[in-house]
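Enquirer: Protein sequences, first through last, are from chains L and Z.
For the first sequence, the working numbering begins at 16 and goes up steadily by one.
For the second sequence, the working numbering begins at 3 and goes up steadily by one.
Hints should not be assumed to be uniformly reliable.
Mimicking SDA-like on lysine to any residue, the simulated pairs with C-alpha atoms at most 25 Å apart in a straight line are [said to hold, decoys possible]:
| id | chain 1 | residue 1 | chain 2 | residue 2 |
| --- | --- | --- | --- | --- |
| 1 | L | K145 | L | R41 |
| 2 | L | K205 | Z | Y206 |
| 3 | L | K73 | Z | Y170 |
| 4 | Z | K210 | Z | E108 |
| 5 | L | K205 | Z | V123 |
| 6 | Z | K155 | L | Y112 |
| 7 | Z | K208 | Z | Q131 |
| 8 | Z | K155 | L | Y108 |
| 9 | Z | K75 | Z | Y170 |
| 10 | L | K281 | L | S36 |
| 11 | Z | K155 | L | L374 |
| 12 | L | K107 | Z | M126 |
| 13 | L | K280 | L | T263 |
| 14 | L | K205 | Z | E80 |
| 15 | L | K107 | L | R380 |
I should point out that these hints are in silico values taken from the structure, not numbers from a laboratory.
Residues per chain, in single letters:
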Amino acid sequence: MISNDSQNEKPDSPKQQAKASPRGRRTQRIRRYTQLMAAVLFNCHFTGFAKGRIYQGKLKGVCTPGLNCYSCPGAVAACPLGSLQGALVSSKYRFPYYILGTLLLMGLFLGRFICGFLCPFGLLQELLHKLPAPKIRKSRVTRILSYGKYVILALFVVAIPLWKLAPGFCKYICPAGTFEAGLPLTFKNKALRELTGTLFSWKVMLLTVIVVLCVLCFRAFCRFLCPLGAIYSFFNPVSLFGVRVDQTLCTHCDACVHRCPMDIKKVRDHECIQCGLCIDSCPTGAIHFGVKDKRGTVSLDAAASVAVSAEKTNSTSNTGPTPDIGGLSAENVQARRKIRLAIAIALLAAGIALVAIGLHAGNFRSVMNKAIRICYECIGIG
Amino acid sequence: MKKKPMKVMKRKLTVLLAALTLVAAVVLVSGCGKDNGDDLPIVTATPTVAGGDPSATPTPDRFPNRANADTGKGTPKELEAGDVAPEFSLTMMDGSTFRMSEHDDEVVLLNFWATWCGPCVNEMPDLMQLASENIPGFTICFISIDDSVSDVKDFLSNKSYNSSIIGYDKGARICSYYPTGGIPYTVIVVNGVVKETVLGSRSYDKYKALVTNALSGK
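Just chain Z, same shape as in the assembly (with noise of 0.2 Å):
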């Protein structure tokens, strides 16, 4: 008789803990559960710009519903081949500004990278010497995303990279317009859309073809 509502007691306290951590599990899901991209800013009630209207005549308005980095301006999604590559202001390491809309005739490749990545640091002097080559209408840009601008400082601080064509993400601000679930993560540009994303590393003969493909049918 003793035992009897001890054992009814923790029962109880066993559904109770049960349907506390359901409880959670849903308000985790519901609440904070977000995937690429649910976490960035949603600004404007502007329609998604993927896609924009690539075959407008070139000028500086070519894509006026442009999503923008700098300014918050449109919905950040995961960017596919024919969207827009949404506009962004970036101070380089030597102090210069990459401003995406100023290579709109150009082929860029954006590589987003962290000096905690292993892959990304091994493929860099690829990418470098692919830069170095200054072929005519492409443009390289690193786009670092780690912890503080310090780490990248302190990386390239015994490196011999041209720091003009590298830049710190401060406040993932560029990254949460380019979102990825991983690093290295490239995309090339051609004329302003999106050409190719290209997940993960590659080697010098991949990127050149990559960028040799681009470049003729710009």
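Just chain L, same shape as in the assembly (with noise of 0.2 Å):
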């Protein structure tokens, strides 16, 4: 698993960058330029740090997309995954329709280009990773630990603030609540500093964990521990905007894979975070970021699992004329399509009127409520 016993080659390498076109290269820098960006308007409210207090405006009942605490005392917005679990635990008194509709919303614009491009945390563990040491490469281990997120997410996200009435990720295990929320109010506020104890020490060595294997491995806490990612990932086969592979022009070479740092196994399934590595890795120009596929082409997820059945059926029967595109005919195609885009409509129906349902029960209120006067569980103290 480390560097040098794997046939891939290595996705961040000296070598690999140096191939990068300026295409590639351009792309990068802008997505580096957005994960800052978003990182300090998610973080804008600088007095906080200096006076180890949170914000407490009305912004605060609106989400951002990616992991960032509400309790940082520079975020002036909520984190969607402590405002869900912060829903579940009182959803014995209402339903969280505000905050799974915001969710879904999300999940449904952009998928997981979130984790690539608006996630504070994300780029945190992108910077951790440039630090030099040895490096381990995503493997066939790595992509079974990648599923580790979906039992976090079920257990810590849903399963405990459901029966035990906790919020189970934020009090047990997130790093992102420790690092932006615990340390800064621990080290401004004496009180709070007197109240930590077991737990608060137990996220505190978690968090130098993570940290840890960050710097050991491309983006460990997002690919293998992050619930939020998890959803996301549920999306990613039908968000509108992202990445795309152009069928008529993809040869199925996986160079796109081998070049991916994440355990993908084609680009845009559920471990793609839609960085645009890959597109300068695709020899024939396939991948590029779009709303909708280029000249009546599918995205690759759709298309790809059935190109490469079709492919083998006529490779097997050798009969039947070749189909049209990436192994499809153009039926299929258009079948294919329509049923993408009639999933999209139902799914933007439905986080519409969840979060105009959620408005009107009063939600935000209840999402606002939380994050400005925290439950100080919520950072592992008390």
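Join these two chains into a complex; the hints should help.
Expert: Take a look at the structure:
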């Protein structure tokens, strides 16, 4: 697993970097600027850091797309994951329409593009990975570990809040909460420092382990543990914006998969954070960012699996006409695009309805209330 | 030659994006960026009453400049030992009314809590036990900052807590005059003056010691 044992080319090796085209370098530069801007924008209550106090304005009823602890003194909006857990804890009294609708809409529009471009904690992990150290590359083991985030989602984000009435992920795991909120708040506030105990020590230790892991392994937390990424991964196949693959150009050489530092099996699968690193690696220039597919093609996630199976069928039977696009007939392509569109429209309608009902039911105030008068349990204190 | 204008355009777009983000950040910080207390109503130009005049004669007007959550009088600020406890009236879950100024000759423990706050709910039995001891000159008032009064009613429906000492702070009226960044938040008031503020949950023994200490120094 350590850097010199794989036949795959090291994704972020100097050799590969040197190969990057100006277009690829520009994409990554834009991505880095976007990540930085998002991190600054979501945490622009700068005086909070100096005073050790959190922002208490009405914006705290709005969720950021990425993981960004609302107990952070700089945070001006709510964390979607913290809000979801808070809403589930209170779900006995009211259904969490607003936060579910928000997650649905953000997932539908951007999917895991959010992880690649808008998550402040994702940026931090990437910067940590730049530190010189032996690197653990993706393998079958990391691919298996990447399913860990779904277990954490089910257990700590859904089950514990529902049955134990505690924000399980925030309380026991969230390294973003410890880094952005727990440490600065206890540093500035003596009363809170006196409250720290075993739980807080556990969270600091976990943060340390995750930081070390992130130095050794690209986006270790994002890949193996982050339940927000797990939520957005469900939307990756239907998200309206992100990386697209032109099937008329794709040769299925898998250069994109080898280039990707995440545990993907194909572009835009549930592990793809749509960072665009693969764009540069494609020998035919088939990958691009976009809202919809070029020249009437379908996105790879929708088409590739069928394309491959169609190819296999053709090669075994060796009969019938050659498929038109990426192994798919034109009719199949149209049918799949229609299905994808129908799913997107249904999700859009459901998202808007959930947010509207949630706003009517006072869910906005509920999210804001929990984000401006935090329960110290959320950051592992008390 | 064809690529150059595109390159320039994209660079301009990046700069524009960066500028927009910075502008948005500045707007957020200057316009909306408020920390504890800044988002709270500032009603009159009356000087901050923090501290008040604790040595004044105990009369109904003992603290003439006292902040009042009911009328919006005074500038809310984070409370410290020595500040006059802002006046408020609170309808309790049994229908009775708790008025802060009516307890100016007692030790009062104000506990800000919510049904969704684990540590708040966990320390409640200890505080209830303290309340059940009927210590002379001592009163407890639980102030819920939940989303609605029905949450508190539902919570209490399967508990045997004394509902006459639990109230719901509608519209965060009281909480805005007793600002805190987090809960559980407990304020111990002696003779109308804040003796101590406690962040986070505490055990029965700790609360008992705080109350005994407050009563002895009355």
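Enquirer: Work down the list of hints and note, for each, if the structure agrees.
Expert: Status of each hint after checking the structure:
1. For the suggested pair L:K145 and L:R41, the alpha carbons sit about 18 Å apart, so the restraint of at most 25 Å is met.
2. The straight-line distance between the Cα atoms of L:K205 and Z:Y206 is roughly 22 Å, inside the 25 Å bound, and the hint therefore holds.
3. Taking the CA atoms of L:K73 and Z:Y170, the gap is about 21 Å. The hint holds against a cut of 25 Å.
4. About 15 Å separates the Cα atoms of Z:K210 and Z:E108, which keeps this hinted pair within 25 Å; it holds.
5. Straight-line distance between C-alpha atoms of L:K205 and Z:V123 comes to about 24 Å, which keeps the hinted pair within the 25 Å bound.
6. Taking the CA atoms of Z:K155 and L:Y112, the gap is near 22 Å; set against the 25 Å cutoff, the hint holds.
7. Taken as a hint, the Z:K208 and Z:Q131 pair is honoured in the structure, with Cα atoms around 13 Å apart against an allowance of 25 Å.
8. A distance of roughly 10 Å separates the Cα atoms of Z:K155 and L:Y108; the hinted pair therefore holds under the 25 Å criterion.
9. With a C-alpha separation of about 21 Å, the suggested pairing of Z:K75 with Z:Y170 holds against the 25 Å cut-off.
10. As the CA atoms of L:K281 and L:S36 are separated by approximately 22 Å, the hinted pair is consistent with the 25 Å bound.
11. The straight-line distance between the Cα atoms of Z:K155 and L:L374 is roughly 22 Å, inside the 25 Å bound, and the hint therefore holds.
12. Proposed proximity of L:K107 and Z:M126 is supported: the alpha carbons are some 20 Å apart, at most 25 Å.
13. Among the hinted pairs, L:K280 with L:T263 is consistent with the structure: their alpha-carbon atoms are about 20 Å apart, no more than 25 Å.
14. Under the criterion of a C-alpha separation no larger than 25 Å, the hint pairing L:K205 with Z:E80 is consistent with the structure, at around 15 Å.
15. This hinted pair checks out: L:K107 and L:R380 have alpha carbons roughly 17 Å apart, not beyond 25 Å.
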